[in-house]
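J.: Now for the letters of each chain:
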Amino acid sequence: MARDPKHDILFEPIDIGPKTLRNRFYQVPHCIGAGSDKPGFQAAHRSMKAEGGWSGINTEYLSIHPESDDTHRLSARLWDEGDVRNLRAMTDYIHKYDALAGVEMWYGGSHAPCMESRCTPRGPSQYASEFETMTYCKEMDLDDIEMVQGYYVDAARRARDAGFDIVYVYGAHSYLPLQFLSPYYNKRTDKYGGSLENRARFWIETLEKVKKAVGDECAIATRFAVDTLIADAGVEVEEDGLKFVELADPFVDVWDVNVGDIAEWGEDAGPSRFYRQGHQIPWQKYIKQVSKKPVLGVGRFTDPEKMAEVIRAGHLDIIGAARPSIADPFLPQKIDEGRADDIRTCIGCNVCISRWEIGGPPMICTQNATSGEEYRRGWHPEKFPKAGSDDSFLVVGSGPSGSECARVLMERGYTVHLVDDGDKIGGHINDVASLPGLGEWGYHRDYREVQLGKLVKKNKESQIALGASRLGVDDCLEYGADKIIIASGAQWNTDGTNALTHDPIQGIDASLPTHLTPEQVFAGDKPIGKKVMILNCDPYFMAPSLAQKLHEAGHEVTIATGVGLGHYMHFTLEAPNMHRMLHEFGIEVIGDVWASQAEANRIQLYPIFGDGYRREYRGPGKLPRRENTHFDWHEFDSLVLVTGRHSDCELFNGLKARKDEWAGNDVKGVYVIGDAWAPKLMADATFDGHRLAREIEGSDPQHPEPYIREVAVWGTPHMPGGKFEIEYES
Amino acid sequence: MKILVPIKQVGVLDEDFEIRDDGRDVDLDYLDFELNEWDDYSWEEALRLQEEFGDAVEIVPLAVGPEEAEEGLRKCLAKGGERGIRVWDDAMQGSDPMAVARVIAKVAEREQADMVFAGALASDHGFAQTGVSVAAQLGWSQVAVVSKLDYQPGDNSVKVNRELEGGLEEVLSVQTPAVLTIQLGINEPRYASLRGIKQAKAKPVEELSHGDLGLSDEDVGEAGSASRVRRMYLPEKGQAELIEGTPAEQAERLVEIINELKGVA
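Going line by line, the protein sequences match chains A and B. Under our numbering, the residue at position 282 of the first sequence is numbered 282, and the numbers go up by one with no gaps. So our numbering is basically just the index in the second sequence, starting at one, shifted up by 730.
It is possible that part of the hints are untrue.
[As the list claims (entries may be wrong)] Taking lysine to any residue and the SDA-like style, the derived pairs with C-alpha atoms no more than 20 Å apart in a straight line are: (1) B:K809 <-> B:R925; (2) A:K6 <-> B:T976; (3) A:K668 <-> B:K928; (4) A:K285 <-> B:T976; (5) B:K931 <-> A:Y479; (6) A:K138 <-> A:P66; (7) A:K723 <-> A:Y707; (8) B:K809 <-> A:G467.
[What the hints assert, rightly or not] Rough simulated footprint, nothing fancy, chain B against chain A, three-plus residues with beta-carbon under 8 Å: (9) 409 to 420; (10) 454 to 466; (11) 478 to 486.
[Stated by the list, open to error] Which residues of chain B face chain A? A partial, calculated answer using Cβ under 8 Å: (12) E801; (13) Y921; (14) A922; (15) S923; (16) L924; (17) R925; (18) K928; (19) G944; (20) E948; (21) V959.
If you're looking for bench data, these hints aren't it; they were derived computationally from the structure. Ideal Cβ positions, reconstructed from N, Cα and C, are used throughout, including at glycine.
For reference, chain A alone in the conformation it holds in the complex (with noise of 0.2 Å):
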């Protein structure tokens, strides 16, 4: 199909500076755990959305000294001559499909902890960050001030060495250039603090001097953060925000605007549970009126109406994307076919971000699980392999694992049997999309709905089966497939078994009418009374969940939690809000506690560090501690518990147990992926269905097979012409 002329205004060309972007969509700077070290992983993925439509691609943040170190975390650095070798290869690659590269660079100031470096980062004044809190930076002198500018124009030298096209001075985050600029970090009272311009001038300074270095070559551009979001205390978009704006423009190819701090980036990089597509408009679209140069800005936008929408409102020029273009490296190509259906529209649920904030593991997605594994494993989003043989599947489940599993073999050509006893694919995605906010993730299912659908008319042998009676082992057997693949799913856990104690507890028993598992709250078959309890030991999203739709259905809710509520929040950026919103609610939060025993009404509880601090061996069977004396009873109508998963896998054990029957019923092979593998993230489950589909022809399918590794490799030094081996002083 051809693209709908209301979409044209996304394909129109645009200069920045001395370069040209032949189109408006454009991945701005995001994380992905390859920085200079992975560059395999970096040039691919990079690369990938370069041959997806994508008319501009960034590196993630990009240190630009050792002063600027970010371990544990992983950034991109061009510090020096390894590194330009290393990001060479993500340019030259981008470079084939006619797109422009950008590098992010960054000096992060007291946020860059510099725990492989050891270096002590500089500020415009002295505080502990308040990301990093064991972090504090040196209040720069003036000697310092021209030293850090300094670093900012070697590694633009650098970068343009590298084949780079576009130079960020990034102040956005809270980085370094906004530190100056908000009155928030600069206490200074010469002519770097006080006033306005005076803020702006090391920001300003700095524009002008890599602008001069490199300006002719490359585009220059900023990221600003147009609001830190604490009103006066900070910058706001219509004070200091756009009087920036004027004063820099003149040394700004193009701006990248987006709103918030680095301690709470969930303010930019919005979950989808708080934050709708182009959450950040009310505050970007100020910018185009002060400035004379295009303007970009991300707000997950998915969608091509509401990209034309912004575009057209004269909000911004540009469309820039990260998670967007995570989900769907071709969702530019696929606007421009005509075909937004084929769109694998990011759910927002920022579990690619998560892998950042842990600490920089190769960044993964819920949707796109060839993300990440475009070099290590060779996977192309869009391209599979042949089908290797004539094997007929027969995929038992239709959750994440099931329907992608079934999704990438017929896109290799098998024909496959998809059979769940739900009346819609998704599985527990469809209780998942039922939470207060978290209707988006249910794009996951509605994707692989729709390429079923049309797969399964391209051949006529293969069918989704859905409202199925449930199949039995000896249904498996006898089905006729020659693979069978069991993707049946977890279960919440009906006794209390939890991840502390690792056993059930006395007295919990979700058969009673007051205790009720997550799915029972799903299914409203049992009444759930006025005050609920919340027992957790689940460190993601169910307790908070269940807790704000119990809340807004008119229940008193406690929350008993064992492991950090919502921990794993944190990582996605949901946290603050979650807590936030937890508090408005009134929802009281006993943390650090465990059940010790639960009758009909009423749990008891003790605190987890309720035993003695001092250890000491006191002989077999007695603990090496004074055990806990401090027990409470809590009263609730109804108790939901949260305490863990389990594997639904009697039929793929059932299945084992009858090897011996499989070659008489030309049964080749049974295989587990997802939940019933092991209960895990959504995304985890996904990329085990993708993978299976992709490895089926092994020798060993039911297990990953080796990824292409990017490790310093013992006698190649990381500097051209430098030295490997072991040397002390002497």
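With the hints as your guide, set chain B onto chain A.
T.: What follows is chain B alone, placed relative to chain A:
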């Protein structure tokens, strides 16, 4: 006891399609074919009787249609039944429900069928006439739009329910042999297994022409039809207009339209 189940591969339109040059049907290039949804239910009803009474009941799917109709027969045979019948030849092109019913009736006689279960209608043309016409041709009793069925092999009558207006349910006894047209929802059709699909490929499908059934050229095709499609077309679209531009421009255009409709100069 034999049940004949006529089925149809219906045309499903692509998103974009074109009308044939003669203006009397959709261009075949724009059609996908799949088994008529109603026939899934009539075949399932036959399968259930066959399962319940075993060898006492034989069920045979029948398609009156060109080669692609065989796919529908194989789809049925993947779930059960041992053989199918397909009747077609060039002279049958353009047959209306009456002409198709004449063919089905001949097959029912040849097979010595006791009952015919037909879908209440086909989703593409929606005549809802073929089944009842078969009964007329055979002189059998018939009940249309059956929503429940109760039958024991050997009985000379079958008890059926029909849904009427206002949620009313009508229960009838009808003499066999009979033609029943089956309504959606009478049962929950099963899915075929991969084994069933593989086995169906080997099951015999007898291919017959109208001549084999003792019908003449005048009995089939347009000659044997009581109706003839004169024209098929897309009606003119309504007067919707997408108003574009800035809010001010949109408001201006809106006022213009209102004035036009009101007849203000």
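J.: Hint by hint, note whether the structure agrees.
T.: For each hint, the structure was consulted:
Restraint check for K809 of chain B and R925 of chain B: satisfied, since their Cα atoms lie roughly 9 Å apart, inside the 20 Å limit. Between K6 of chain A and T976 of chain B, the direct Cα distance comes to roughly 14 Å. Compliance with the 20 Å bound is thereby established for this hinted pair. For the proposed pair K668 of chain A and K928 of chain B, the alpha carbon gap of about 16 Å is at most 20 Å, so the pair holds. Restraint check for K285 of chain A and T976 of chain B: satisfied, since their Cα atoms lie roughly 16 Å apart, inside the 20 Å limit.
Restraint check for K931 of chain B and Y479 of chain A: the C-alpha separation of about 16 Å stays at or below 20 Å, so the hint holds. In summary, the hint linking K138 of chain A to P66 of chain A is supported, as the alpha carbons are separated by about 15 Å, within the 20 Å threshold. Taking the CA atoms of K723 of chain A and Y707 of chain A, the gap is about 29 Å. The hint is violated against a cut of 20 Å. Restraint check for K809 of chain B and G467 of chain A: satisfied, since their Cα atoms lie roughly 17 Å apart, inside the 20 Å limit.
With 3 residues carrying a beta carbon less than 8 Å from a beta carbon of chain B, the segment 409 to 420 of chain A meets the three-residue requirement, and the given coverage holds. Look at the segment 454 to 466 of chain A against chain B: 5 of its residues bring a Cβ nearer than 8 Å to a Cβ of that chain, three or more, so the hint holds. Restraint check on the segment 478 to 486 of chain A versus chain B: 4 residues with Cβ-Cβ distances below 8 Å, three needed, restraint holds. Hint on E801 of chain B holds. Least Cβ distance to chain A is approximately 6 Å, under the 8 Å limit.
For Y921 of chain B, the shortest C-beta to C-beta distance to chain A is roughly 4 Å, which falls under 8 Å, so the interface hint holds. Taken as an interface hint, A922 of chain B checks out: its beta carbon lies about 7 Å from the nearest beta carbon of chain A, inside 8 Å. Taken as an interface hint, S923 of chain B checks out: its beta carbon lies about 5 Å from the nearest beta carbon of chain A, inside 8 Å. The interface hint given for L924 of chain B is met, as the beta carbon of that residue sits about 4 Å from the closest beta carbon of chain A, less than 8 Å.
Because the closest C-beta pair between R925 of chain B and chain A is about 2 Å apart, less than 8 Å, the hint holds. With its C-beta approaching chain A no nearer than about 6 Å, K928 of chain B sits inside the 8 Å limit, and its interface hint holds. Against a cut-off of 8 Å between C-beta atoms, the interface hint on G944 of chain B is violated, since the closest Cβ of chain A lies about 34 Å away. The beta carbon of E948 of chain B comes no nearer than 36 Å to any beta carbon in chain A, farther than 8 Å, and the hint placing it at the interface is violated.
Taking 8 Å as the C-beta contact cut-off toward chain A, the hint placing V959 of chain B at the interface is violated, the least distance being around 27 Å.
In terms of the numbered hints stated before, the structure departs from hints 7, 19, 20, 21, listed from lowest to highest.
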